[in-house]
Amino acid sequence: MKHAVQGNRALCDGAIAGGLDAYYAYPITPQNEISAYFSQVLPERGKVFLQAESEIAAINMVFGSAVAGKRALTTSSSPGISLMQETISYLCACELPCVIANVMRGGPGLGNISGSQQDYFQSTRGGGHGDYRMLVLAPAGAMEIFTFARDAFALAEKYRNPVLIVYDGYLGQMLETVDGDPASLAGPLLPTEPPDRSWVLDGASAGRPPRKIRSLLMQEGDLEALNWRLHAKYERMVSAEVRWEEISVEDAEVVLVAFGMAARVCTAACKRLRAEGVRAGLIRPITLWPFPEQAIARAADRVRRMLVVEMNLGQMVEDVRRVVAGRIPVDFHGRPGGSLVVEEDIVAAVRRSGAAS
Amino acid sequence: MTGRIRKEPAVRFRVIIDASRCKACNLCIVHCPRKLLALGTELNALGYKPVVFRDDGSCTGCGDCYRMCPECIIRIERA
Amino acid sequence: MSASRFSRPDALTARAHNYCPGCGHGIAHRLVAEVIDELGVRERTIAVAPVGCAVFAYDYWNFDVTEAPHGRPPAVATGIKRVLPDRIVFTYQGDGDLAAIGTAEIIHAANRGENFTTVFVNNTVYGMTSGQMAPTTLPGQRTLTTPAGRDPGRDGHPLRVTELVASLDGVVYAARASIATPSGVRTARARLLEAFRHQLAGDGFSLVELLSPCPAGLGMEPVTAAAWVAQELEKYYPVHVFKNGR
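Protein chains in written order, with the working numbering: chain U, 64 to 420; chain V, -11 to 67; chain R, 706 to 951.
If you are wondering where the hints come from, they were derived from the structure by calculation, not from laboratory data.
Keep in mind it's a predicted model, so treat the numbers as computed, not measured.
List time: in silico DSBU-like cross-link candidates among lysine-lysine, alpha-carbon distance up to 35 Å: (1) Lys275/U with Lys296/U; (2) Lys110/U with Lys296/U; (3) Lys110/U with Lys221/U; (4) Lys948/R with Lys110/U; (5) Lys296/U with Lys221/U; (6) Lys110/U with Lys65/U; (7) Lys275/U with Lys110/U; (8) Lys334/U with Lys65/U; (9) Lys23/V with Lys37/V; (10) Lys221/U with Lys275/U; (11) Lys940/R with Lys37/V; (12) Lys23/V with Lys940/R; (13) Lys275/U with Lys948/R; (14) Lys37/V with Lys275/U; (15) Lys221/U with Lys65/U.
Please build the complete structure, drawing on both the sequences and the hints.
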């Protein structure tokens, strides 16, 4: 039986399936469906729901629940995520697992309440201070939103790091038909070892020594050592967690690179291009960080050109160009400010770039 | 009852100070009601002249020195 | 116990304090430790340290302590207490952390009646960063950023935090004490004990403000700084229980 699933609702159901203990958030469009739904179901399930006084308070409540060893989530949209940056840096420095979801709206500034991909830089290049990384997952539809939300807590605990789920406001608002209940379609939970809990602050009882959680390291060399330890962890994430999807890349002459909603429109554009005799393919990064560098590099060795399609002024394209390193032309097609990229424009852009090379 | 004033406290106490951590803030000195604390003459490793306790048997163990010591280096014991 | 009538509480570590000579933090840390010991809750206490001189408070207490971003301890404490409601949770904050950058967090946690305790150390200056004006600096008081004395026309009047917090329904206990004199310290201890008793009983939010000397920030000898707190600060900030019971 088909189910109608809204993207934002899929995030909620996925998080619950993933063992969410506490949710803290401040209202901001286009993700208010999340707190509205959680405010009803979380108390019924004996879980914590709290509408915080600001996004800053919300992410710090997440910090507190994470320190206490619980699975905590906050959701927001672009400007609210901006407010959270300082604490994100602290979460990474203190190695606290948690999940954050950003339902990107139009910007910069107050922008609009549409959908965009304006936060690729913010998500993958910090926004907060220091050398930290988050595992960044970019779902492209309701099923992926559900599955990533479900699996994000275990991933966060595996690496003792925040996991960020980003999708645009269109995906959040869209109602999609799914061929069944997402919970049963999502497959088994990620197998993980029981996480290390030797750092959890739950009271120095039963003879265990007191613990502290902190990121202030003033002794000579200590902070550098922490940074190198984080670096080694991030390298492990690069080796183990990078994810992407390839569609019709094997025999492609031109490869589109896009994530999220833009990738869905590109999928349609590829079909149309193929029907018109252009061998087009698509690489869809699923993790924005770690970025699927090897997949891009391999394609750059085989195809003639790439076109990066984003709903921003050009952010992920910088990573693609960095990896391609000039071997083939990499063009960009984008629409900023909350506007949706459309199939016709992408097809036209491919044809234009083909004529130029 | 008879009006006789006791000159000796019923129980004696003494103040023990961890001199190595004293910062000579003087708070215990000014608050001792019997003026039994004073800066000493020896320097400690921190560069201060730690407080010394004059044990003349009249310490009542009131605890004010302990209360005011920011370093928590004062211990008061029965003598 | 031992022959000791007064000795270091179990909840206070043996580690030497990094604070300046005569700094009130040392007294305040010990008082909290005494109260935690008296209530027998050391093993289920989780504290949230501030950014400020007491950022290293976790070195001086024998229980779990977390750092927090500046001003955010009440939100962090909310996140801890909501998921571990049977633990004793408190924040320990200075005047910048609580009354400047953290004003929203303290007001809203108090307003929600979060069942944790806030120990607010008010010494009228930002010690860690070399002595700038604080929201609680007195009019006319010279600090690093008010060399001619605080001018209320430009910088506003000092904030009386306990009175503000006491006005909120979610607050069960809001009291001020002074740790500048032995009698003040005795009163402070009693008020801290009462605050934590309320938390144990699940009564709501509790706050104790401690007027405290910062000799380095005030540019005074420790004894003079303590006397200044007792004589000048206590005039502006009444030592009083503003609310006890909801």
